[in-house]
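One-letter residues, chain by chain:
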Amino acid sequence: MSRVRVLVGTRKGAFVLSSDGNREKWDVGGPHFAGWEVYHVKGSPADPNRLYASQSSGWFGQVIQRSDDGGTSWNPVGNTFAYDGVPGTHQWYDGTPHPWEFARVWHLEPSLGDPDTVFAGVEDAALFKTTDGGASWNELSGLRKHGSGPHWQPGAGGMCLHTILLDPKDPERMFVAISAAGAFRTDDAGATWKPINKGLRSAQLPDEDAEVGHCVHNLALHPARPSTLFMQKHWDVMRSDDAGEHWREISGNLPPDFGFPIDDHAHEPETVYVVPIKSDSEHFPLDGKLQVYRSRTGGDEWEALTKGLPQQNCYVNVLRDAMAVDALDACGIYFGTTGGQVYASNDAGDSWNPIVRDLPPVLSLEVQTLP
Amino acid sequence: MIRVVLPAHLRTLARIEGEQRFEIGGPATIAAVLDAVEARHPMLRGTIRDPATGKRRAFVRFFACERDLSHDPLDAPLPAAIANGAEPLLVVGAMAGG
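As they're listed, the protein sequences go chains A and B. The numbering of the first sequence is the working numbering, which starts it at 10 and goes up by one. The numbering of the second sequence is the working numbering, which starts it at 77 and goes up by one.
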């Protein structure tokens with residue numbers, strides 16, 4: 010029977026949650042790297058026992074950990090993230106120039122085919138790559154050196170490159186998202202990049218449909234149809250059917266269309282999940298009711314999924330990298346909250362159960378489906 | 077021989093316990109001690125001083141002989157009691173968080 014492994018990064022360490030294919034009984038492993046912030050943990054699609062973790066602290070900086078045995082044991086690998094050349098400046102919150110400074114790794118995206126190759130999205134926004142299992146990291150500086158770079162500005166969480174999507178049909182193509190610069194695409198394996206933000210409108214910008222400056226919170230694609238992208242923007246849920254060349258809003262009947270994560274059903278490219286949050290100034294669910302919303306029509310029409318989720322006095326948030334799906338049938342959906350709960354659905358979202366309730370605030374969550 | 081006490085998180089990261097002892101070939105300075113620490117425990121590179129600039133991380137302090145040496149130049153001579161091993165050099169994670 011298949012197994013599922015859920016990799017959880019929290020404010021105070023990493024946890025590995027394991028279950029068989031029924032996804033009813035769970036073992037909770039950890040904390041790994043206790044006391045450190047773990048922004049992201051992700052496994053290699055090419056070797057599920059190869060995991061990478063981003064461990065950081067305000068005191069001691071960035072550490073990258075690697076496991077070769079599915080998270081049982083870990084070893085530190087390279088942690089030098091040096092920008093290529095003189096990094097120059099981006100805009101600070103007040104609009105003044107601010108030097109590019111490395112702060113931490115937000116997201117680790119292992120290659121689809123090589124366990125030793127991993128992409129890292131960092132703050133201040135840039136994309137790095139290792140081809141030696143994390144021993145050394147080199148910047149793909151064509152992104153940061155895109156002409157718009159000096160105009161990028163941090164979001165409230167910092168100027169972070171938080172989303173990396175690899176196109177399974179085109180190894181030269183990948184998508185990234187930066188808060189608050191927007192979405193970008195490369196078609197030449199990271200050498201050059203173009204902003205892909207046409208159709209986005211952000212009332213927070215002096216020019217609402219500017220080429221860059223949008224606070225894109227998360228992107229999702231389905232491996233069977235990677236030219237269709239879904240986006241949770243600061244406000245608005247968006248869709249593109251031409252690899253980001255043009256976007257249209259699909260918020261439809263969402264109560265608020267503010268939120269952070271967005272994800273696709275493993276087997277149904279037109280089924281999408283979001284977690285609406287009341288507003289950008291009140292980072293908790295509307296009316297204290299935690300609700301996942303599902304669209305089975307690729308957007309516009311959404312249904313609230315509430316069975317098993319708290320429907321009163323719930324004031325947690327779900328961060329952008331804290332939702333993921335497994336590849337079983339029926340598709341499992343998982344998300345973690347800033348209140349330390351990890352919820353799982355083994356029926357595509359129809360019902361939910363907490364795997365664990367009292368972890369530190371959850372920063373990220375990834376799922377591995379194992380044989 | 078120079079004695080060094082590292083903060084708990086860094087001892088965990090380096091998988092070591094207790095006070096560490098290092099032989100320093102040249103003059104005893106904080107920079108020379110950190111070179112020795114990082115040579116024996118490569119996973120600590122970047123955790124005490126910035127790997128690009130070599131500067132002490134903002135929330136890391138160096139205490140010795142009841143003095144705060146954090147703002148001394150990294151290549152300044154350490155007190156004799158540190159250089160001869162009578163007292164340990166304390167690498168401290170600054171108290172923060174209320």
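Simulated from the structure, these hints should not be mistaken for lab results. Built from N, CA and C at the ideal position, the CB exists for glycine as well. Where hints are given, some of them may not hold.
As the list claims (entries may be wrong) - In silico DSS-like pairs for lysine-lysine, Cα to Cα no more than 30 Å straight-line:
(1) 154(A) to 131(B)
(2) 138(A) to 154(A)
(3) 287(A) to 298(A)
(4) 131(B) to 203(A)
(5) 131(B) to 316(A)
(6) 178(A) to 154(A)
(7) 207(A) to 178(A)
(8) 316(A) to 34(A)
(9) 207(A) to 316(A)
Unchecked claim - Partner residues aside, some chain A positions facing chain B, computed with beta carbon under 10 Å:
(10) 31
(11) 35
(12) 37
(13) 39
(14) 64
(15) 68
(16) 85
(17) 88
(18) 90
(19) 100
(20) 101
(21) 104
(22) 106
(23) 111
(24) 244
(25) 323
Hint-by-hint comparison with the structure:
1. For a cut-off of 30 Å, the pair hint linking residue 154(A) to residue 131(B) stands: about 26 Å separates their Cα positions.
2. Under the criterion of a C-alpha separation no larger than 30 Å, the hint pairing residue 138(A) with residue 154(A) is consistent with the structure, at around 16 Å.
3. For the hint pairing residue 287(A) with residue 298(A), the CA-to-CA distance comes to about 10 Å; that is within 30 Å, so the pair holds.
4. Pair hint residue 131(B) plus residue 203(A) does not hold up; C-alpha atoms about 36 Å apart against a cutoff of 30 Å.
5. The hinted pair formed by residue 131(B) and residue 316(A) fails the criterion: a straight-line CA distance of about 53 Å is larger than 30 Å.
6. About 26 Å separates the Cα atoms of residue 178(A) and residue 154(A), which keeps this hinted pair within 30 Å; it holds.
7. Restraint check: the Cα-Cα separation between residue 207(A) and residue 178(A) comes to about 23 Å, which is no more than 30 Å; the hinted pair holds.
8. Straight-line distance between C-alpha atoms of residue 316(A) and residue 34(A) comes to about 19 Å, which keeps the hinted pair within the 30 Å bound.
9. This hinted pair does not check out: residue 207(A) and residue 316(A) have alpha carbons roughly 37 Å apart, beyond 30 Å.
10. Look at residue 31(A): its Cβ only gets to about 36 Å from chain B, farther than 10 Å, so that hint breaks.
11. Restraint check, residue 35(A) versus chain B: the minimum CB separation of about 26 Å is more than 10 Å; hint violated.
12. The criterion of a C-beta within 10 Å of any C-beta in chain B is not met by residue 37(A), whose closest approach is roughly 20 Å, and the hint is violated.
13. The beta carbon of residue 39(A) is not positioned within 10 Å of any beta carbon in chain B (closest approach about 14 Å), and the interface hint is therefore violated.
14. Taking 10 Å as the C-beta contact cut-off toward chain B, the hint placing residue 64(A) at the interface holds, the least distance being around 9 Å.
15. For residue 68(A), the suggested interface contact is upheld, since its CB lies about 4 Å from the closest CB of chain B, less than 10 Å.
16. For residue 85(A), the shortest C-beta to C-beta distance to chain B is roughly 4 Å, which falls under 10 Å, so the interface hint holds.
17. Hint status for residue 88(A): holds, given a least beta-carbon distance of 5 Å to chain B, under 10 Å.
18. Because the smallest distance between the Cβ of residue 90(A) and any Cβ of chain B comes to about 9 Å, under 10 Å, the interface hint for this residue holds.
19. A least Cβ separation of about 22 Å between residue 100(A) and chain B goes past the 10 Å threshold, and the interface hint is therefore violated.
20. Taking 10 Å as the C-beta contact cut-off toward chain B, the hint placing residue 101(A) at the interface is violated, the least distance being around 18 Å.
21. Hint status for residue 104(A) relative to chain B: violated, with the closest Cβ pair at about 25 Å, above 10 Å.
22. Checking residue 106(A) against chain B by beta carbon gives a least distance of about 20 Å; that is not within 10 Å, so the hint is violated.
23. Hint status for residue 111(A) relative to chain B: holds, with the closest Cβ pair at about 8 Å, below 10 Å.
24. Because the beta carbon of residue 244(A) sits about 33 Å from the nearest beta carbon in chain B, more than 10 Å, this interface hint is broken.
25. Violation of the interface hint for residue 323(A) is found here, the shortest Cβ-Cβ separation to chain B being roughly 27 Å, above the 10 Å cut-off.
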